[in-house]
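*Asks:* Starting from the given sequences, assemble the full structure and let the hints guide the process.
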Amino acid sequence: MLSYIGKRLLQLIPVLLGMTFIVFMIIRAIPGNPAQVILGQQATEEAVAALTAKLGLDKPWYTQYFDYLKGILTGNFGESMRTRAPVAEEVWPYLAATFELALFAMIIAVVIGINAGIISAWFQNSWFDYMAMVLALVGVSMPIFWLGLMGQWAFALELSWLPTTGREPVRDPVTAITHLYVIDTIIAGRFDQLVQVLRHLVLPGLALATIPMAIIARMTRSSMLEVMRSDYVRTARAKGQKMFFVVYKHALKNAIIPVLTIIGLQMGMLLGGAILTETIFAWPGIGRYIYDAIGFRDYPVIQSGILIVAFFFVMINLIVDLLYSFIDPRIKYD
Amino acid sequence: MRKGKVWSLAIMLLLVFSTVLAACSGGDNESGEKDKGKNTSEQSSSGSGETLVFGRGGDSTSLDPSRTTEGETFKVTINLFETLLTFEDEGTAVEPGLAKSWEPSEDGLTYTFELQEGVKFHDGTDFNAEAVVKNFERWASGDAEKFPYYNSMFGGFEGDEGHVIESVTAEGEHTVVIKLTRPQAPFLKNLAMDMFAIASPTAIEEQGDDDFERNPVGTGPFKFVEWKPNDSITIERFDDYWQEDFPKLEKVIFRSIPDNAARLNALMAGEIDLADGINPSDGASIEGNPDLQLFERPSMNVGYLGLTVTREPFDNKLVRQAMNHAIDKQSIIDAFFEGRADIAVNPMPPSVSGYNDEIEGYEYNPEKAKELLEEAGYGDGFEMELWAMPVPRPYMPDGEKVAEVIQKNLADIGITAKIVSHEWATYLELASKGDADAFMLGWTGDNGDPDNFLYVLLDEDNIGSNNYTYFKNDETHELFIEAQTEVDEEKRIELYKKAQEILHEEAPWVPLAHSIPLLAGSKDITGFLPHPTGSDLLSNVDIER
Numbered sequence: 001m002l003s004y005i006g007k008r009l010l011q012l013i014p015v016l017l018g019m020t021f022i023v024f025m026i027i028r029a030i031p032g033n034p035a036q037v038i039l040g041q042q043a044t045e046e047a048v049a050a051l052t053a054k055l056g057l058d059k060p061w062y063t064q065y066f067d068y069l070k071g072i073l074t075g076n077f078g079e080s081m082r083t084r085a086p087v088a089e090e091v092w093p094y095l096a097a098t099f100e101l102a103l104f105a106m107i108i109a110v111v112i113g114i115n116a117g118i119i120s121a122w123f124q125n126s127w128f129d130y131m132a133m134v135l136a137l138v139g140v141s142m143p144i145f146w147l148g149l150m151g152q153w154a155f156a157l158e159l160s161w162l163p164t165t166g167r168e169p170v171r172d173p174v175t176a177i178t179h180l181y182v183i184d185t186i187i188a189g190r191f192d193q194l195v196q197v198l199r200h201l202v203l204p205g206l207a208l209a210t211i212p213m214a215i216i217a218r219m220t221r222s223s224m225l226e227v228m229r230s231d232y233v234r235t236a237r238a239k240g241q242k243m244f245f246v247v248y249k250h251a252l253k254n255a256i257i258p259v260l261t262i263i264g265l266q267m268g269m270l271l272g273g274a275i276l277t278e279t280i281f282a283w284p285g286i287g288r289y290i291y292d293a294i295g296f297r298d299y300p301v302i303q304s305g306i307l308i309v310a311f312f313f314v315m316i317n318l319i320v321d322l323l324y325s326f327i328d329p330r331i332k333y334d
Numbered sequence: 001m002r003k004g005k006v007w008s009l010a011i012m013l014l015l016v017f018s019t020v021l022a023a024c025s026g027g028d029n030e031s032g033e034k035d036k037g038k039n040t041s042e043q044s045s046s047g048s049g050e051t052l053v054f055g056r057g058g059d060s061t062s063l064d065p066s067r068t069t070e071g072e073t074f075k076v077t078i079n080l081f082e083t084l085l086t087f088e089d090e091g092t093a094v095e096p097g098l099a100k101s102w103e104p105s106e107d108g109l110t111y112t113f114e115l116q117e118g119v120k121f122h123d124g125t126d127f128n129a130e131a132v133v134k135n136f137e138r139w140a141s142g143d144a145e146k147f148p149y150y151n152s153m154f155g156g157f158e159g160d161e162g163h164v165i166e167s168v169t170a171e172g173e174h175t176v177v178i179k180l181t182r183p184q185a186p187f188l189k190n191l192a193m194d195m196f197a198i199a200s201p202t203a204i205e206e207q208g209d210d211d212f213e214r215n216p217v218g219t220g221p222f223k224f225v226e227w228k229p230n231d232s233i234t235i236e237r238f239d240d241y242w243q244e245d246f247p248k249l250e251k252v253i254f255r256s257i258p259d260n261a262a263r264l265n266a267l268m269a270g271e272i273d274l275a276d277g278i279n280p281s282d283g284a285s286i287e288g289n290p291d292l293q294l295f296e297r298p299s300m301n302v303g304y305l306g307l308t309v310t311r312e313p314f315d316n317k318l319v320r321q322a323m324n325h326a327i328d329k330q331s332i333i334d335a336f337f338e339g340r341a342d343i344a345v346n347p348m349p350p351s352v353s354g355y356n357d358e359i360e361g362y363e364y365n366p367e368k369a370k371e372l373l374e375e376a377g378y379g380d381g382f383e384m385e386l387w388a389m390p391v392p393r394p395y396m397p398d399g400e401k402v403a404e405v406i407q408k409n410l411a412d413i414g415i416t417a418k419i420v421s422h423e424w425a426t427y428l429e430l431a432s433k434g435d436a437d438a439f440m441l442g443w444t445g446d447n448g449d450p451d452n453f454l455y456v457l458l459d460e461d462n463i464g465s466n467n468y469t470y471f472k473n474d475e476t477h478e479l480f481i482e483a484q485t486e487v488d489e490e491k492r493i494e495l496y497k498k499a500q501e502i503l504h505e506e507a508p509w510v511p512l513a514h515s516i517p518l519l520a521g522s523k524d525i526t527g528f529l530p531h532p533t534g535s536d537l538l539s540n541v542d543i544e545r
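Line by line, the protein sequences give chains E and H.
Take 1 as the starting number for the first sequence in UniProt numbering and just add one per residue.
Take 1 as the starting number for the second sequence in UniProt numbering and just add one per residue.
No wet-lab data here; the hints were simulated from the structure.
Don't take every hint at face value.
Stretches of chain E that chain H covers, calculated by requiring three or more beta carbons in the stretch to come under 8 Å of a beta carbon on chain H [said to hold, decoys possible]: (1) 77-89; (2) 181-193.
Simulated pairs of lysine-lysine, DSS-like, Cα-Cα distance not exceeding 30 Å [what the hints assert, rightly or not]: (3) K433(H) to K54(E); (4) K408(H) to K370(H); (5) K70(E) to K370(H); (6) K146(H) to K54(E); (7) K59(E) to K370(H); (8) K59(E) to K433(H).
Quick reminder that beta carbons are idealized off the backbone N, C-alpha and C, glycines included.
*Replies:* As structure tokens, this is what we get:
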């Protein structure tokens, strides 16, 4: 097991290295001088030239690339060109904000998705099955920005149940410690704020959960259908065991492996791809951080931001792979 | 067996938990929040003690105004810092600020400023002549990358040939003398700009430039509290502020909500009190909402269609004039600005001094346009690229749709325009290289001076930077340079009026509109006067709930 983890971690190196190179080359291939963009329309030519030199953008690309790699090896992810703050310091609050949201969304997606999938499979071709699968199809194809704005309109404006935007009560802000506000409010013992923070999570969480929820429901359904036709399920049922028990104890355990794979992949997608949700709900997350950086050609932020997200993506998939053997002890790693 | 139970139990619990949360009604909690705000207010000595939440489209990049050119920064810093001189409430005439009076010498080379007494920085440092000198020394010893605006407004840095400021000296505790190397007409206006705010010299020395950006210390009505990147910036009342009874508010929180529709939703839900960047199309519905009020920011911008004069056929003046006659500006304004804009005639808005109101704009007249094309030898029309802005800007709410109207207008006179769009940074870069035939762009003024529009946008000195049309004209160049050192305001205005006549005739642009940017706020807000520069001082603002 340990050697397997070690091997997987070693495999990370070429993957991440290749990615730094691709990202590095692509952002430099698109036109737009960072110095010009950062200084804005109002800047003079001298100012642009001075900043270009200061940022080292007048050096040949390979020098820039190796400087960048050297920096990463020493834990220096560069400085944001726009805010002049070190990326390594700056990135955590954004990452934490997205992580909290993605995790919340994933919990919603998993709980509802898996259960909907199971019930659909169990009552195959029932009205519930048809309805759930139609909803799943709608969920996959619904644009997030539309869903988000409709959610704001319905639950915040019309019903006044939930806040429209942001991640904390504005007039009574959370004191950031870990930047995971759910945890921060618990540490501070502010349970009134905890409720507020959770309420802020609901709308963006649901918007973000829609697609993975739909995918998980469909995956669970088909996987369960397959398992339930197998002999051991029939045996269990023949023995007169309760339906609930058969499904959740016997069938689900075997059906969950492919679903888990999907969950891992989707979690990675949520980390990097939450830009639309973060924009609509003014969520200060990593997606918008990188997106803004692209608009400003903030090379160090784009490079390191994508690298960090990719790292988490790979780690999550590693964890998922390790979970397989926990759920199904027949799966072994050598 | 046990493992399975844990699984299903966990799933059930989560399901219950999330359902409860989603259904959790927030009515009680909302009022709880508001009560909390009131409790803290009781502790302060004066003012209503309310907290204003200001929603805007983007975050600041820095809180040191001298080091940035970006408007979102100044919206915050104008409340933290003060300048020697300030602009009047809703215009750009210069008024006393940290300097209570000033006296120019007759030759326009020496200015003597008498400073306010009893002013303190937020860190307790005394504001005095020495502090002013130190700030100027800091800027003058910098470089273009560090202090970009100092460079462009004062012609360079210490030792540079074009540097306008010869010396800044303290004559006593509260008198500052600034000597210039040559007269500079917009000098006082420049001093009133947000970026020349006086910072605490102790704070800069202790923190260094880079930390100061995130822990700003000025003399303004509010002091800095906290910055959560991309989320919020909190500032609170400075109790030792020198202007008695100001500010009225206890706290201001600037929140970044990038999506315009979401920001309006947040306003309507009462989560924010004031929202910047309202779509013209939402103006009417806000006016019809009894809980809200609409604010119109005095226009100090211009949206235009630039014609790159180095490219065929736009090197021909007649073609450029034909373009001006061909475009129906009024219908563009009606359709996409909801009428909240004025037709642009000159390259600068009427709110800027020196505006030539004797010039009559090119009327919408396709027949005339066709004749001009015929005369220019393009009777059969031609093909061109029309560059449409990919992002909304205050001066252009929807570039691509406006481009479609222009495309149709041009088709009417036989010109086939292909709409081209690039991502914003690419767009600016390529347009500044002269790669576009015709491109949409605009400008928001910095200090209300004509130099800041005409010279910056249409002089040969700025080709390759802000003169995207590559327009070059000896006559206007001479007028602009002369006007830069002319201290007599009337003579100066004459020079700019003359220049506008030439620009009208040469027609390097099709000026389109001077838009009126909109803000919306809760009806309880009083004393808010949006400023044409886009930086709103909130010391007089209050909320009366």
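*Asks:* Hint by hint, note whether the structure agrees.
*Replies:* Structure-based check of all given hints:
Coverage of the region 77-89 of chain E by chain H holds [criterion: at least 3 residues with CB-CB distance below 8 Å; count 4]. Coverage of the region 181-193 of chain E by chain H is violated. Counting CB-CB distances below 8 Å, 1 residues qualify, and the rule asks for three or more. Of the pairs offered as hints, the one joining K433(H) and K54(E) holds, with about 22 Å between alpha carbons and a cut-off of 30 Å not exceeded. This hinted pair checks out: K408(H) and K370(H) have alpha carbons roughly 14 Å apart, not beyond 30 Å.
As the CA atoms of K70(E) and K370(H) are separated by approximately 63 Å, the hinted pair breaks the 30 Å bound. Annotation: proposed proximity of K146(H) to K54(E) holds, straight-line Cα distance about 10 Å (limit 30 Å). A threshold of 30 Å between alpha carbons decides the hint, and for K59(E) with K370(H) the separation of about 51 Å lies outside it, so the pair is violated. About 22 Å separates the Cα atoms of K59(E) and K433(H), which keeps this hinted pair within 30 Å; it holds.
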